[in-house]
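Trainee: The task is simple: from the sequences and hints, build the whole structure.
Protein chains: 4
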Amino acid sequence: MIKVKIIGATGYGGIGLIELLTQHPEAEISALVAREDVGKRISEIYPHLEGFCDLPILDAEDPRAQEAPADVVVFSTPDRVGMYQAGDVLAKGAKVLDFSGDFRFTTQEAYADYATRHGKDPVHAAPELLGKNAYGLAELHREAIKAAPVVGNPGCFACSCILGLAPAAHARLFDPLSVICDCKTGVSGAGKKLAATFHYPARYENMNAYKLAGHQHVCEVERELSLQYGQDVRLTFTAHVLPLCRGIMSTLYAQMDKALSEEDAVALYREFYKDSPFVRVYGSKAPIGTNCVQRTNFCDLVVSVDARVNRLRIVSYIDNLMKGQAGSALQNINLMTGLPETLGLMRSGMYP
Amino acid sequence: MIKVKIIGATGYGGIGLIELLTQHPEAEISALVAREDVGKRISEIYPHLEGFCDLPILDAEDPRAQEAPADVVVFSTPDRVGMYQAGDVLAKGAKVLDFSGDFRFTTQEAYADYATRHGKDPVHAAPELLGKNAYGLAELHREAIKAAPVVGNPGCFACSCILGLAPAAHARLFDPLSVICDCKTGVSGAGKKLAATFHYPARYENMNAYKLAGHQHVCEVERELSLQYGQDVRLTFTAHVLPLCRGIMSTLYAQMDKALSEEDAVALYREFYKDSPFVRVYGSKAPIGTNCVQRTNFCDLVVSVDARVNRLRIVSYIDNLMKGQAGSALQNINLMTGLPETLGLMRSGMYP
Amino acid sequence: MIKVKIIGATGYGGIGLIELLTQHPEAEISALVAREDVGKRISEIYPHLEGFCDLPILDAEDPRAQEAPADVVVFSTPDRVGMYQAGDVLAKGAKVLDFSGDFRFTTQEAYADYATRHGKDPVHAAPELLGKNAYGLAELHREAIKAAPVVGNPGCFACSCILGLAPAAHARLFDPLSVICDCKTGVSGAGKKLAATFHYPARYENMNAYKLAGHQHVCEVERELSLQYGQDVRLTFTAHVLPLCRGIMSTLYAQMDKALSEEDAVALYREFYKDSPFVRVYGSKAPIGTNCVQRTNFCDLVVSVDARVNRLRIVSYIDNLMKGQAGSALQNINLMTGLPETLGLMRSGMYP
Amino acid sequence: MIKVKIIGATGYGGIGLIELLTQHPEAEISALVAREDVGKRISEIYPHLEGFCDLPILDAEDPRAQEAPADVVVFSTPDRVGMYQAGDVLAKGAKVLDFSGDFRFTTQEAYADYATRHGKDPVHAAPELLGKNAYGLAELHREAIKAAPVVGNPGCFACSCILGLAPAAHARLFDPLSVICDCKTGVSGAGKKLAATFHYPARYENMNAYKLAGHQHVCEVERELSLQYGQDVRLTFTAHVLPLCRGIMSTLYAQMDKALSEEDAVALYREFYKDSPFVRVYGSKAPIGTNCVQRTNFCDLVVSVDARVNRLRIVSYIDNLMKGQAGSALQNINLMTGLPETLGLMRSGMYP
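Residue numbers (our numbering), protein chains in the order written: chain A, 1 to 352; chain L, 1 to 352; chain S, 1 to 352; chain B, 1 to 352.
No lab work stands behind these hints: they were computed from the structure.
Be aware that a few hints might be false.
Any copy will do: because identical chains look the same in the list, a pair fits if it lies in one copy or spans two.
Claimed, not checked - With a straight-line cut-off of 30 angstroms between C-alpha atoms, the simulated DSSO-like cross-links for lysine-lysine are:
1. Lys285 / Lys192
2. Lys40 / Lys274
3. Lys211 / Lys40
4. Lys193 / Lys40
Mentor: This is the structure we're talking about:
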């Protein structure tokens, strides 16, 4: 039985992973660590877990937390937490899965670019681990994830955009300067931290673009697409927040220099993802919406072409808290511990 | 492996049961029957099922439907469908689980009262089965359900009200003429049939009481509570529809003739449900909402007393499509086929 | 032109009154006072007001705030703010309209009961004004409001319950110990203060009862209904919060000792409110919902009788921020300043 | 007093115009015509209008409808209704305002292109009126609307896109083949006609792109932008539907061939709209969302530039039923009848 310790257990990412692990046949939770609500049972805070996970929330310094056995330690923490603790975890023989930006980049330069862009200290605290880490998007880095001691779980927007454009980038179908990512997210993407803009009355029946001056996810997307393309991809990214709880819909545009039929584009995408059980590819007439992927680990891609102007258009649907966070995390944990990639994840959503 | 055939597979009740059965370790679907979309794969209509259930939708007369093996045939159909076909099913050696009002009553008189109240033909078409059937609320009729050839799955409002008041009725805590059931439901309770009042723009940011002149669920609730009480219980029932998709919250009031502390009331409820794994009982300070039970088979009961006037007040929370429909159905199927009651159902919800 | 100064201008109550006053033909805003965002224009914080109200937000001590002319000073502030400042306002020749509980009661004893019930200091700071003040529900206290120097605007739940039961209380139709108020509110009723329970993801697709141990609105409702009845009315009150922004639906039950037809009940209600232009009375078949009153000053009452048990049932619909707050406030300002009661308020809502 | 007759009075467009006209100081409704609910009062169907508009719904052939005086007859009807009746209306001396695509194009060729694109008969039934008609977007065609006997009210998506890009097109800031319109709409944009995809449970917590193969609004947008540009503009248009009731947010992208600062872009837009009171222009840091324009006639434009790739990005916010339909309609009626453009329309929204 694989043991998982969760640091930052009371945020949305932590809760999502707890929910998944209580249903997992080969993994179990060894300890929950958080800074708030220490001493309470997790099911006092989240009564839906009553009877499923009644573990106490421990302080990081609590010996029960320190000594809990772990094959994988998950940092469901903000930027610049995991990087300070990863070394100790590795020294104890466990692997590290980090939800923040700390281990999404494999060079100090790439990290510095990312950190600078959203106003963080550009100096990485564990540079010796960069290069040994893997970017935790299994569809692109399956083998690296299996081998790496440290994995950086992808950002939710980034996950949807990269999966949506990777096949076309790999095939060099488009002009690498022409990419536009128009992304729409439900409110849970911002986490559980209170903010005036996410107060229910302010958000109900309201939608808006935000952070128009720049968004940290751009780095991840450009880096991964550039890797696929073999040349620098540069894109315009717009984030919008909408009155749903869960779900990301990213509409992705790229200019092609010649005609391509929708059928051929669909075929190319299906071939690219033929070994990736959580990606489903559809043509433009399929009735796909975020409700097809909600509360699941699937990414549904709708492929179309605006033939009048040879523009490729992909609509990428994920659940931001599942494929965009806890689901990808469990997929990574499975890979990191030698379990089947889909274990504990192969469920449909529920309709309606 | 238990075989289940579903008649009326494309409604919310049918879909919900399909979703559960695709995850069930000991049961599987043998055929899907419906009147619409015949010939299509179910996953063409509901793409979230892609890869989980890709069975074709069959016409009732299709030999593949007729000949499909079945331990249980589920009628997820409107009133007065199952009663005409139940006999044939039994003759083939299968059991019947019906989602409508057809088999919720065990006498012709009780059925006639129910049918009359909502404008249906009061004559039951299979009177020879009444008395052999069981009311499919496992918490009150577990043994009868195991034995009965025909089970009538409860109505969603009725389920929430009966579970909320049965312990107090059984203990004769209240005046049997004083009961008020103030029930609030999400919109999915009305099913997938289109109606102007459930058109999204009309329902968004709107709530209202409806059917103030009478509601068919009253019969079920009065009958079951009277059975528990040993005397006629008569109640006022108000249904309200609110802009959620899933969830029922029923606030239940009953006048007691003497003081009772909340602690004693909670203890009495916990004792009553001590062998019922899907009922959780809380005092008035627990932070329970419909999100604690959403997409699960749980019924969460919050027990309180207005001590100034000796009024018992129970708030009963269920998911109308799970404990109120497909979840109870699977619980019944488990019991009817000798499987453990909780098999395939013991999952927490997902937050948020 | 009537001058209105608003203290606490940036909360929902203040904003609502600003919106109404920008459309009022005979009144205008002389100053906006608040503790947050001092120095900014109100339309920087609330861009929907751009071009309609661009006044600066002033500190209470700012001379521009102190010296702004005012016929009425509105305290859209929490409990125990207005009571300390009302005397000064009156000394300057203005009238006071207070949104909190400070001036909803006319005796020190009644205030102490209210304050105690929700954990506030029971000693009123301006006892010399109690008895001179009026309860600001125009439908019941029109003449007193015109004459009083200080008016206490009603609570939103209280407004819906009192309007719903006053005619029946006045006619002594029911047992005064039998009343149940089952109230459902949208989230804006809790104001703009952030709280985990009103964070969008936590509230979406979620409903719950709260404060089951007691709610401060009970005092107001019992006091006003007792006045109408001429005898003590005692009631059970349950508050529920639902995922809407605006709207209160209160379902009110009271036991009658003899039969009364719905027609007679409707007639009695219409007679009672025949001079109240903002109350509309309907029978049980009218398709009324909160969307009929949204963003308006109307209270729509649906009157029905459960004839099987002689129980009166009223469903009362208001917009909690309009008739439940800013709309009633403007209605009171009109009365206090000798303007027609409906001025600036006689608008329909918008559908859908 | 201007008289307005409304054909198709019971759809969302008709109701919206009724609501506005009941508040208009210089215009009134002379007759309401529809095919459904004939003989009922409009306020029986829409109780929020009770006391504001209680006119009967008339059949088109009813003499009261035929003989009702009218300065303007509004066709709030589907395509290919108004074109058959416009001639008669003009012959009686009234003007025509049509909500469909019938009079949005000024040549038979342009109409045929539009009609073909969404599967309608390409032959216009009143070709003699084409060329005399005006496109009813006041910000671009104010003088033409004043003079034209027939005005075609714009489509809601088109309105948001054209207002968002007209200044940049007029200034020839961008490559005319590079435009992308990524549009998001609330559900009311689809009108009151029932459809499975707009059933509340199917739409709640769901978002999707639709009509990926083409959308009729493209014609209008390309035509108007080409007129501003003086050269053919060709664009990719994607429509998305989201779980709100009202609101359109269109994110518009266009490739510039040289750098332009956000400040200069904002200045250019403000200059372009300096005489248009319903357009407000903001820089990228302003906290604008659809709630700033909801239930109002405003279009709020947020102007930004992705300087890394010289891409212009405009986010255009309107209420699809107001500036996108009934509000623009009243603005047009004011212009067509010589009234001030803003009469009856200059109101802020209500928050929250």
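Trainee: Tell me, please, which holds for lysine 285 and lysine 192 at an alpha-carbon limit of 30 angstroms: within, between, both or neither?
Mentor: Result: close only across copies, 22 angstroms inter versus 36 angstroms intra.
Trainee: At most 30 angstroms between C-alpha atoms: does lysine 193 with lysine 40 qualify within a copy, between copies, both, or neither?
Mentor: Both, since 19 angstroms and 26 angstroms are each at most 30 angstroms.
Trainee: Which holds for lysine 40 with lysine 274 at a C-alpha limit of 30 angstroms: within a copy, between copies, both or neither?
Mentor: Between copies, since 24 angstroms is at most 30 angstroms while 45 angstroms is not.
Trainee: Which holds for lysine 211 with lysine 40 at a C-alpha limit of 30 angstroms: within a copy, between copies, both or neither?
Mentor: For lysine 211 and lysine 40, only the inter-copy Cα distance (22 angstroms) is at most 30 angstroms; the intra-copy one is 36 angstroms.
In the structure shown, no violation is registered for any of the earlier numbered hints.
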